[in-house]
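Student: As a plain string of letters, each chain reads:
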Amino acid sequence: MAIEGADLIKAAAFLGAGLSMGLGAIGPGVGEGMAAAKACEAIGRNPKEAGLLTRTMLVGQAVSESTGIYSLVVALLLLFVV
Amino acid sequence: MEQDIQTWVNLAAYLGGGLSIGFGAIGAAIGEGYTASQANSAISRNPALAGDVFKSMLVGQAIAESASVFALVVAMILLFSNIPADSFVTVAAVFAAGLSMGFGAIGSGVGAGFPAGAACVGMVRQPSVSGKLTTNMLIGSAVCQTPSIFALVVSFILIFSDFGSYPLWPTWGAILGAGLAAGLSAIGSGIGGGIVAGASSEGIARQPAAVTPVTNIMLLGQAIAQTPAILGLLVAFILIFKEFGASDTIAPAMALLGSGLCMGIGGIGPGIGEGIASSGGVKWIARNEKDIGTLTRTMLVGMAVAESTAIYAMVISLVLIFVV
Amino acid sequence: MEELGKVYQLIIPLSGHKMVFNLDAIVYSWIVMLLILVFGVMATRKRGVIPNYMQVLGELFVSKLYALTEDALGEDMAKTYAPLVCALFMFLVLCNWIGIIPHLEEPTKDLNTPLSLGVMGFFIAHYVGIKTKGFKAYAKEYFEPFFIMAPLNIIGELAKIVSISFRLFGNIMGGAIIILVVSYLTYSILLPPFLNAFFGIFVGAIQAFVFTMLTVVYISVQAK
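Protein chains in written order, with our numbering: chain A, 1 to 82; chain B, 83 to 406; chain C, 407 to 630.
Simulated from the structure, these hints should not be mistaken for laboratory data.
Here are the simulated lysine to aspartate or glutamate pairs, EDC-like style, with alpha carbons at most 16 Å apart:
(1) A:K48 <-> B:E371
(2) A:K48 <-> C:E476
(3) C:K470 <-> B:D373
(4) A:K10 <-> B:D330
(5) B:K372 <-> A:E49
(6) A:K48 <-> C:D477
(7) B:K372 <-> A:E41
(8) C:K630 <-> A:E49
(9) C:K630 <-> C:E481
Partial pick of chain C residues on the chain A-facing surface, computed with a CB cut under 10 Å:
(10) L558
(11) N559
(12) G562
Note that CB positions come from ideal geometry on N, CA and C, so glycine has one too.
Kindly produce the complete structure, drawing on both the sequences and the hints.
Tutor: Below, the structure written as structure tokens:
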């Protein structure tokens with residue numbers, strides 16, 4: 001098996017894409033979970049504001065997900081551009 | 083050359099067996115230690131109930147141990163059974179089997195410690211509901227073991243399947259990726275399921291009247307927290323059962339290995355996060371049973387959003403398998 | 407194991423291009439629509455103060471989902487969007503359940519079904535956003551917190567389509583493949599019925615509910 005430079009770069013890009021998305025998924029997953037747990041707590045204390053609290057939770061989760069989306073973008077770039 | 087393959091297979095089997103029980107012991111030890119510490123603090127609060135607490139501590143620890151018993155079984159098989167060595171793919175397969183079970187046992191072991199510890203503490207707080215608490219703890223920690231059973235299934239398939247006719251490149255990447263996907267993704271779901279079950283035991287101790295809704299929502303939360311492990315199992319099955327054409331470059335093998343790693347590592351965070359989200363829901367359903375509908379809905383939406391990074395990881399894995 | 411990932415396709419050549427129809431998804435989603443129509447007719451045919459079985463079921467469905475939409479969207483918007491929510495949930499739940507009948511397949515197992523429903527939800531949510539806030543305020547949100555963040559905000563919005571549709575697809579497809587592999591390994595003894603109950607009925611209902619709820623919530627986030 002002859003290993004050429006281009007082949008090696010492709011291989012590294014594939015492995016890197018997998019690692020990028022995989023590692024990048026850990027933080028947002030845990031963080032969004034904490035946001036949701038606190039939202040449940042707040043609704044349990046004050047059920048009247050459920051709509052507002054759910055929306056706030058979603059906005060907060062969307063922000064904490066942004067790093068996960070950066071990993072997704074980097075992974076797609078590694079797969080299709082590099 | 084024949085001799086050579088056998089040596090390599092044995093080497094991989096011994097290495098895999100060692101890693102299997104080595105990693106597999108981490109989770110159970112942490113879980114059981116946590117249970118024991120909670121039981122001690124419970125007994126110090128009310129020494130009169132020492133007998134009951136001691137019993138439920140032992141039962142909880144026995145369940146927490148089952149994941150590492152699976153790992154021990156896989157290690158024994160890898161060490162002592164005669165694995166036929168017909169191609170170098172088997173080398174990857176036995177090593178991946180050990181890794182899958184080893185990683186897969188971590189989460190369930192840690193997770194099963196949470197309900198057991200919470201049940202011990204709760205028993206002292208509300209001695210009258212100790213029966214219900216024990217039942218809840220048993221259900222909760224039994225469901226926690228599901229991800230490790232997924233990992234066990236994958237490692238059995240890897241050990242006992244015949245990969246002889248498959249080309250070494252890129253199949254070894256697929257096989258190793260399958261083991262990693264099933265094993266690593268089970269960590270998050272195991273811990274997450276445990277956090278939910280712990281919150282439910284705590285909630286029942288606080289509000290014994292709410293035992294039915296709390297148990298139901300706990301099961302719902304655990305089932306959803308297992309999604310990352312199910313996605314990991316899906317990717318592992320695709321990697322094992324799909325046939326890949328032979329290649330003479332290293333890129334395809336790395337793509338398949340990367341796909342397994344991606345789904346495996348990517349499943350850890352969302353699994354734990356969903357567990358935390360669901361524990362918030364379960365805890366507050368126990369305190370505020372009236373608003374169970376709103377709380378369940380918020381919990382489900384929160385868990386679904388917390389899962390989205392696992393979905394992105396699955397998308398990247400599927401792209402790595404099918405498109406690249 | 408050759409059934410894994412097999413798709414029946416109808417390919418119509420069209421002056422250099424090809425039109426591809428995934429027959430499974432189309433046929434089974436038409437069957438589901440037919441079932442919903444039949445249910446609708448049966449539930450409303452003989453209405454009365456003392457309801458028959460079908461009417462009770464229909465009323466239960468509609469009132470629960472209406473209340474749910476009202477909680478998230480407010481009273482006046484619920485009038486407009488509750489029928490959509492109701493139809494979406496009924497369609498998805500039947501789509502996910504139809505696979506437990508032998509020889510039938512879930513239309514949601516084909517990525518096209520969830521993806522098109524996700525795109526539909528996305529457009530409705532953004533239409534609502536533009537309608538309630540006005541185009542200027544709607545567009546301004548993309549340049550928060552800084553001007554440079556616009557591309558990432560747009561990717562973030564588009565990623566919602568990916569996550570909502572792949573969540574449904576991954577769960578249903580994952581269930582189907584796991585049932586297939588386990589049935590193959592155990593020679594279809596003992597385990598498959600339980601797996602069908604778990605993945606088909608339980609996970610199917612939960613995922614249909616989650617998909618519906620997320621669509622509603624995305625609309626409500628855009629509206630406020």
